[in-house]
Each structure stands twice: as structure tokens, then as C-alpha cells.
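Enquirer: Sequence:
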Amino acid sequence: MTRVAYISTYVPKKCGLATFTFHLRQAVHAVKEWKAKDPVIVLHDGETDGSQDPLLWLLRRDCENDYEKMANRINQSETEVVSLQHEFGIFGGEAGRHILRFIRNLKKPLVTTFHTVFEQPREPYASIQREIAERSDRIVVMNRKAISYLNRSFGIPEEKIVFIPHGTPEPDSERRQAFREQLDWTDRKVLMTFGLLSRGKGIELILRILPDIVKRVPQVLYAIVGQTHPEVKKWEGEKYREELKAMIADSGIGDNVVMIDRYMEENDLVRHITACDVYVTPYPGMEQITSGTLAYAVGLGRPVVSTPYCYAQDLLADEPELLIPANDEALWRERIVSLLTNDVMLQDVVRKMKRLGQTMHWPSVGNEYNLLFTEVGRHGKAIRSV
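Reading the sequence shown from the start, the letters are residues 1 to 386 in this note's numbering.
The set of hints was computed from the structure by calculation and includes no laboratory data.
Beta carbons: idealized from backbone N, C-alpha and C, even for Gly.
You may find that some hints are simply not true.
Said to hold, decoys possible - Distance ranges between label pairs, derived from CB positions:
{"no.": "1", "residue 1": "N105", "residue 2": "E334", "range": "20 to 30 Å"}
{"no.": "2", "residue 1": "I260", "residue 2": "T341", "range": "38 to 48 Å"}
{"no.": "3", "residue 1": "Q26", "residue 2": "N151", "range": "29 to 39 Å"}
{"no.": "4", "residue 1": "V344", "residue 2": "E134", "range": "14 to 24 Å"}
{"no.": "5", "residue 1": "P308", "residue 2": "Q182", "range": "31 to 41 Å"}
{"no.": "6", "residue 1": "E321", "residue 2": "E204", "range": "54 to 64 Å"}
{"no.": "7", "residue 1": "Q76", "residue 2": "D268", "range": "18 to 28 Å"}
{"no.": "8", "residue 1": "M1", "residue 2": "A330", "range": "39 to 49 Å"}
{"no.": "9", "residue 1": "E243", "residue 2": "K354", "range": "33 to 43 Å"}
{"no.": "10", "residue 1": "E321", "residue 2": "E170", "range": "20 to 30 Å"}
{"no.": "11", "residue 1": "S338", "residue 2": "D268", "range": "23 to 33 Å"}
{"no.": "12", "residue 1": "P320", "residue 2": "Q177", "range": "38 to 48 Å"}
Said to hold, decoys possible - The calculated DSBU-like cross-link candidates involving lysine-lysine, where the alpha carbons are at most 30 Å apart (straight line), are:
{"no.": "13", "residue 1": "K32", "residue 2": "K239"}
{"no.": "14", "residue 1": "K14", "residue 2": "K234"}
{"no.": "15", "residue 1": "K37", "residue 2": "K69"}
{"no.": "16", "residue 1": "K145", "residue 2": "K354"}
{"no.": "17", "residue 1": "K35", "residue 2": "K108"}
{"no.": "18", "residue 1": "K32", "residue 2": "K69"}
{"no.": "19", "residue 1": "K233", "residue 2": "K14"}
{"no.": "20", "residue 1": "K13", "residue 2": "K234"}
{"no.": "21", "residue 1": "K145", "residue 2": "K352"}
{"no.": "22", "residue 1": "K352", "residue 2": "K13"}
{"no.": "23", "residue 1": "K354", "residue 2": "K14"}
{"no.": "24", "residue 1": "K352", "residue 2": "K215"}
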């Protein structure tokens, strides 16, 4: 079995990358069917949970010398492959530049999962991502469009890049009704959006069309789930949330909107998504390359309606009727009303999402990663491009 060391943030840190790495490690471990677990190099900023787990190797985010020391520790260990979960914001230095110190000193094969890829990368991000890509033995992306982006921007051979879907929990459809009862949603037709609250999520679009939806579907409830983004809160407090509340009050739709302002552990998030009727991502920006929340909704078999941003285009390529431009409010309104009032149409979309979601469940994703780690572990540096 191939010994893997992961480098990322990690639970109990409250961030999507930490949760992703936790599930990836668990899924790969399950496939390998052996007792020994793989280590995680955990980025931290000086505040830790006090864990004494010998398999969690702490790396100080802002201490550049520690990155070289950690590379040397990996080089001297039994690790056969390193799995780097890359997002610019988690590493120290400008645009996360400190991670290059680790990679330049690493002598073990490297598999990098890019959680962000730009169609037109700019500095300081471009040169950092170029070097990471060139020095990696394999690159994993969660959006097929990212393959051509990396090839065009940096000349990375397409055969070096592997598409593996964003992992998701498996659905528990039998508990859907129980979840709805727990949330007091039994008699409601629930639209849901989840994520850290900030401008640019398109929530206003849904609020603008909701009064007309209420006229045709009086029992509709729009659940806006998630805390205010910490960076937004740092700069302006809860100003944006208050603006949304004012918009809701002015439109007279207070009985048809609920704002759930709290951080959600995964089990609670899965409960809410499973209980909703239609999951919406009305993002106006088109560049977002991945979306864990949209992935979770599809993986859990819930109907979705989205703007055609980059990740949604790739994920829902075979279901174009679920992609609606942000400026076509009339079509958004009609599509949502149709799904909430036509059960035959709704169940057809449910079946499509369940079929698509099967490829995204963690057991399947863990198996794909394990096969990739095994291949890279066997061939090592022979496939490195530089």
C-alpha cells in the first residue's frame, strides 16, 4: 500500500479545505483497508486545538524556514507520495508563496490538487501556480475546464492533469422526511442557498423574484444558510446582512425567508440540504472554478438551479435547462415555480442528480485518488516535467 502524506488545513479548523482533506484521507484509508493511517501536515497560525495526535504534523503558516524543515522531515520518512491540497490563501507569504520552499526541497513524488485555477492568471498568483504545476508529478482538478486553462496558461501537458470530482457525502433519502420535520419544513416548499454570506452570491436575485413566486407558491420558504464571511465581517460588520433583512422587510416576504446565521458542522449541513426542495446558486460572477456547496447538493441528490458559472457549467453540462443567466429573472422565476409545483418534473430532476451524484460520493472519489497515488508512487520522479 502507498503511504501518503497530506498537506492542508485540517479539522477541527472551520474551513472547507480542512473538511475536504479530512474526508479525502478517510476515503483513501477505507479503500486501502489497512490499519495504519497516513499523516497530515497541518497548516496553523499559532493557534492549535492542542491535539497530541502523532499523525498530525504541525506547520507554522507564516514561518518560511519551517516549510524547508518539513520537506526534510518528509524526505526522511516512509512517505511515498505527498498530496498537496492547494488554495492560495492557506499558505504564508504573498499569495501563499512559502509553499514553494517546501516543494523545492521535497524529494518525494508530489500530487497537487488545485482548488483554484484561473482562466487568465495574473501575478502574483500566476508564477506561483506555474512553479507548483511544473514541479508536481500529477495535478488533480475538479473541473474539466481547468485542464485547458493550465495547458494554455502554463504549457502543462494535459496528460499530466487528472480530473477527479469534488467528493461528497452519500445521500440518506430515507431520512429526508425526518429532517424536514426537525427543521419545521414539512409544509413548506424550500429553496436553499448555503455559504459564507457576502456580496456577489446573487442572493438579491432570489429575493427580487420571491414576491412573484410567493403569489403562485404561497408555502415557499427561502433558506439563506451560513455565517457572514469573516473578511466581510472584519471590514463592515453585519452591514450586508442588515441590507438583506431590509430588502426582505420592504418586499413583505418576511414569512417566506429564513436567515440561519451560524457555522454548520457537516452533519447539520447535510441535514439542511437533504431537507430542501431546490438548491440554488445564483452567483453573478462566472469565474468560480469549484463549488463545494453545489457539489454537495448534487451529490446528495437534490434538484439544483444555478447561473452558468464555470463550475456549474462543467458539473451540469448534460442538464443545460438547470443553468439560467443571472440577468434572466423571468426564467429564474418560471423554472423555480415549475419545479415547486410540478412534482413529475421535480422527481425527474431528482433522478438526474442522483445519477450524476453517484460519481461524486467519497468512496468513489477515494478510490480514484488511491489509484492515482499508487501509480505516482510506483513511477515517482520519472513523470515529473522539470
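Enquirer: Between E321 and E170, does the beta-carbon spacing fit 20 to 30 Å?
Expert: Between E321 and E170, where Cβ atoms are some 26 Å apart, the hint holds.
Enquirer: K35 and K108 were given as a pair; does the straight-line alpha-carbon distance stay at or below 30 Å?
Expert: The hint holds at about 23 Å.
Enquirer: When you check the alpha-carbon spacing of K145 and K352, does it fall within 30 Å?
Expert: Within the cut-off at roughly 22 Å; holds.
Enquirer: CB of S338 to CB of D268, is that within 23 to 33 Å?
Expert: 30 Å, holds
Enquirer: Given the proposed pairing of K32 with K69, does the C-alpha separation stay at or below 30 Å?
Expert: 29 Å, holds
Enquirer: Verify the proposed pairing of K145 with K354, using a straight-line Cα cut of 30 Å.
Expert: Distance ~23 Å between K145 and K354 Cα, so the pair holds.
Enquirer: Is the hinted pair K233 and K14 satisfied, with a Cα-Cα distance of at most 30 Å?
Expert: Holds. K233 to K14 sits at ~16 Å (cutoff 30 Å).
Enquirer: Should the hint that E321 and E204 are 54 to 64 Å apart at their CB atoms be regarded as holding?
Expert: Roughly 23 Å apart at Cβ, these two residues miss the hinted range, so it is violated.
Enquirer: Between P308 and Q182, does the C-beta distance stay in 31 to 41 Å?
Expert: 34 Å, holds
Enquirer: Assuming the hint says 14 to 24 Å, is it satisfied by the Cβ distance from V344 to E134 or not?
Expert: 52 Å, violated
Enquirer: Would the pair K14 and K234 pass a check requiring their Cα atoms to be no farther apart than 30 Å?
Expert: Holds, at roughly 17 Å.
Enquirer: Is the hinted pair K352 and K215 satisfied, with a Cα-Cα distance of at most 30 Å?
Expert: 29 Å, holds
Of the numbered hints listed earlier, those contradicted by the structure are 1, 2, 4, 6, 7, 8, 12, 13, 22.
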